[in-house]
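Asks: Given chain A, put chain B in place with the hints provided.
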Amino acid sequence: MKEPDRTSRLARIGGALVSGNSRQYGMAIALVAIIVLFQILTGGLLLTPLNVTNLIMQNSYILILAIGMMLVIVTGHIDLSVGSVVAFTGAVSAIMLTSWGLPTVAVVPVALLIGALIGAWQGFWVAYVRVPAFIVTLAGMLIFRGATLAVLGGESVAPLPQSLRDIASGFLPGQGGGPHVPTLLLGALGAAAIVWIQWGTRARSRGYGLPVAPAPVTAATSALTVVAILAFTYVLADYNGLPLVGLLLVALIAGYSFVMRSTTMGRRVYAVGGSEQAAALSGIRTQRTTFWVFVNMGVLSALAGLVFTARLNAATPGAGTMFELDAIAAAFIGGASASGGVGTVVGAVVGALVMGVLNNGMSLIGLGVDWQQLIKGLVLLLAVAFDIYNKRRVNTGPAASAAPRPRGGGADSGPPPLADKARASS
Amino acid sequence: MRQEERRSASRGGPLLSMRDIHKDFPGVRALDGVSLSVGHGRVHALMGENGAGKSTLMKVLSGVHPAGSYTGGILVDGEPCAFSGVADSEDAGIAIIHQELALIPQLSISENVFLGHERARYGVVDWGATHARAHELLRRVGLDENPATPVSALSVGARQLVEIAKALAKRVRLLILDEPTSALNEAESTRLLELLLDLREQGVTCILISHKLGEVVRVCDEITILRDGRAIETLAVERDADGTPSVDEDRIIRGMVGRELDQRHPERIGEIGEVRFEVRDWTVDHPARTGHRVVDGAHLTLRAGEVVGMAGLMGAGRTEFAMSLFGRSYGRHVRGILLKDGVEMATGSVTEAIRGGIAYVPEDRKSLGLVLDDDIRHNTTMAALDRVSARGVLDPGLEAVEASRMSERMRVRSHGATQVVRTLSGGNQQKVVLGKWMFTRPELLILDEPTRGIDVGAKYEIYLIVRQLAAEGACVLLISSELPEILGMCDRIYTMCEGRITGEVPGEGADQETLMRLMTRTGGHP
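Those protein sequence lines, which keep their order, are chains A and B.
In terms of this note's numbering, the first sequence is residues 1 to 426.
In terms of this note's numbering, the second sequence is residues 427 to 952.
Here chain A stands alone, though its shape is the one from the complex:
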């Protein structure tokens, strides 16, 4: 192979590795813009340590649901039942804690197991009986809301033990007064880990002979990451430190991002969503994949149910109403495609944060619920419209027939088949 060919090929591979995530940047930039806007409108209230802590706690359960929902949407399905499942698992947990007097450490795994069973139930109908997920989960929405009412007898269960409430409102242990040292330490550790991954990736790419960003660029990226993380943890440390639920979220986001991006399991989920038939003929067990995605959604719904119940310090029959819509909106704002196969965990998180910051910011400046809903609706619509517009612009580029020919084309260079024939017949 000729040398210039090789370099250009490697450049193509490398360039492609770097790009490809560009869609997400749009929404991340929008998120920053919204934060800046409300920071100004609220006269600096938005980013006070107290409010940032509140933001995390207020949005924790939607973030948890959005992660699961993203997976469901990537496989080309939808889950309308998560709000009811949140209510049901919350209700059952509350009953176990209060009426049965079970300890929290026992109740949490049981609740998660119930979530898994609910997910398995719905996954069974969707994956194996092939009832459309919209129908199955619409039924689930009614079934589990009804079950919640039945379990609670139409009444709220409150108060709940402190051990459960800590899940939603607890903080990392540490001394009071002054910046919270464990939080800062954790931030520093996290920042170091990310920098280590960034440079490790770079080194591995180099190892394969792929082009990488120049060292100063990587250094600048790392520096920016470190500053962002330290600033964030410093703000948190200034109040009470990192909330426990914040730690849970960080673990979930990191874990699910890793699974979806870097494991064969994640790749299979994308393949099933992209084309179920092609995936099946590639040896991917598509039904099993779909089934487990729903099981996962059930577990995360149960987790969100625990967090929400703990935060409310009560299990109520109406808990979790409309949560499914918030989670779905977050996934779509974050760049998921309704036809499946496209979407990232980080995207869903950004989408949920956009909604969360809008909620919080609008409340701070005293906008009524009426306006809040209206604006959130418009944001959802415009975000998805913008995404579709962008995609169409990319797609109407060189059409299928007009792909450039790397060999330069032209009459004199001759088409490749002839060049090859010599090799074949020799």
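It should be emphasised that the hints constitute simulated quantities derived from the structure, not laboratory data.
If you're wondering where the values come from, they're calculated on a predicted model, not measured in any experiment.
Check the hints yourself; a few may be wrong.
Mimicking DMTMM-like on lysine to aspartate or glutamate, the simulated pairs with C-alpha atoms at most 25 Å apart in a straight line are [claimed, not checked]:
{"#": "1", "chain 1": "A", "residue 1": "391", "chain 2": "B", "residue 2": "450"}
{"#": "2", "chain 1": "B", "residue 1": "766", "chain 2": "B", "residue 2": "697"}
{"#": "3", "chain 1": "B", "residue 1": "638", "chain 2": "B", "residue 2": "937"}
{"#": "4", "chain 1": "A", "residue 1": "391", "chain 2": "B", "residue 2": "799"}
{"#": "5", "chain 1": "B", "residue 1": "596", "chain 2": "B", "residue 2": "571"}
{"#": "6", "chain 1": "B", "residue 1": "638", "chain 2": "B", "residue 2": "604"}
Replies: Below, chain B alone, put in the same frame as chain A:
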């Protein structure tokens, strides 16, 4: 008055004249000064390799690429036209029938034929008139069906005819067909081509885009060859008394690839070895119709380094056989034995089939072979993720390198391994599918119509890859409806008819007549 002028103009000049059309896409010149002239009542073929600019030219003509997005002039009957959309070109009597048919399966034939301009008064559909007119149009295209039949109940060939009826309903003068026969069997193709000749008698002019040289030479009056966005030449086809055309297939190929291609199928390299795979008594039932055997007691052997052909007409059960063999992806009650090196192989799932070294390149690459909205890289590694991962964790760098190495080996023309496969041409998509299966390092590669809808150059490249794989000792089972391809590539040929293997002939010395006779041998075993 205006009508008069039009008519007078029509007598002299051509029906369509496209002059010096230039069309650029970002970074690519798709059309580089193409001129095309099509006379009244002619069948005009447009030929060229994939990417030569045929489709782009037709999109310019039909208004898909609106006026202003290209330079150059379009004259219909001598009048300059600037179409800003498909509706405009339809008003001028130009209709295009795409490869992917644009019919709504749930609606009836009549409803489809008059979709968009229903026979209606004040918005109320006149069903009597609709059915009557539809019936008349169906007779014109030679389709004997009740106009109330839903399109979903029709075969692909019949649907094509409905598309043409739909175009006729719009009083089409210039009908553009983009590879109309690529999904049709021999009989349906013949019928369609005869219809084009009939329509020509009725004054409908046709532009035919096709990769099938034989049919082009058979029916066309002129052939314009495009290469790299330029119109290379226009050949007039004359036929003498016994119908022999003045232009032969090699002449067209020469124009398309720019040089003589004295050989359309590469020579076999390497030796044929021992029997590696053996299928015994393979029987498959139809998934819905109980008791209906789609494959009935098939028995065949495959040797190392051998390319084995499977010839048969549409519906003979070849695809069903292949898919059932590949992890029971088709049918019910799959029974029979698959031996690999004399040992029975598990065939219960696709995973097992892949693990056993079987790869299946499906007929329908767009829906079965590829995730169209994903890139070349991910599509390439999809069936062999183990090769680019360790303990379930992917190595993106390794994946990028491997995928682009494979895509280079398959000679995929792309911007790079992260190009989304939807944006590739048909031939390049097929090479990606082939690359995906080569990446699994198959010992038995089943190719189902691997060159359907693919141009001559890409076909040759695919043949080369098949030859190389065979030379490395793998077995190849080639299912194809194109007999020249079977004859040119295969060392041994099985024929199939109505789910049964009806014959086995050596590739050397076989001819189309023999195969055709075996392929139509219904009932009874050989």
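Asks: Give a verdict on every hint.
Replies: Evaluated hints:
For the proposed pair residue 391 of chain A and residue 450 of chain B, the alpha carbon gap of about 20 Å is at most 25 Å, so the pair holds. As the CA atoms of residue 766 of chain B and residue 697 of chain B are separated by approximately 19 Å, the hinted pair is consistent with the 25 Å bound. Pair hint residue 638 of chain B plus residue 937 of chain B holds up; C-alpha atoms about 19 Å apart against a cutoff of 25 Å. Proximity of residue 391 of chain A to residue 799 of chain B is assessed by CA-CA distance (about 11 Å); at most 25 Å being required, the pair is judged to hold.
For the suggested pair residue 596 of chain B and residue 571 of chain B, the alpha carbons sit about 20 Å apart, so the restraint of at most 25 Å is met. Only pairs whose Cα atoms come within 25 Å are accepted, and residue 638 of chain B paired with residue 604 of chain B is accepted, the gap being roughly 12 Å.
In this structure, every one of the numbered hints holds.
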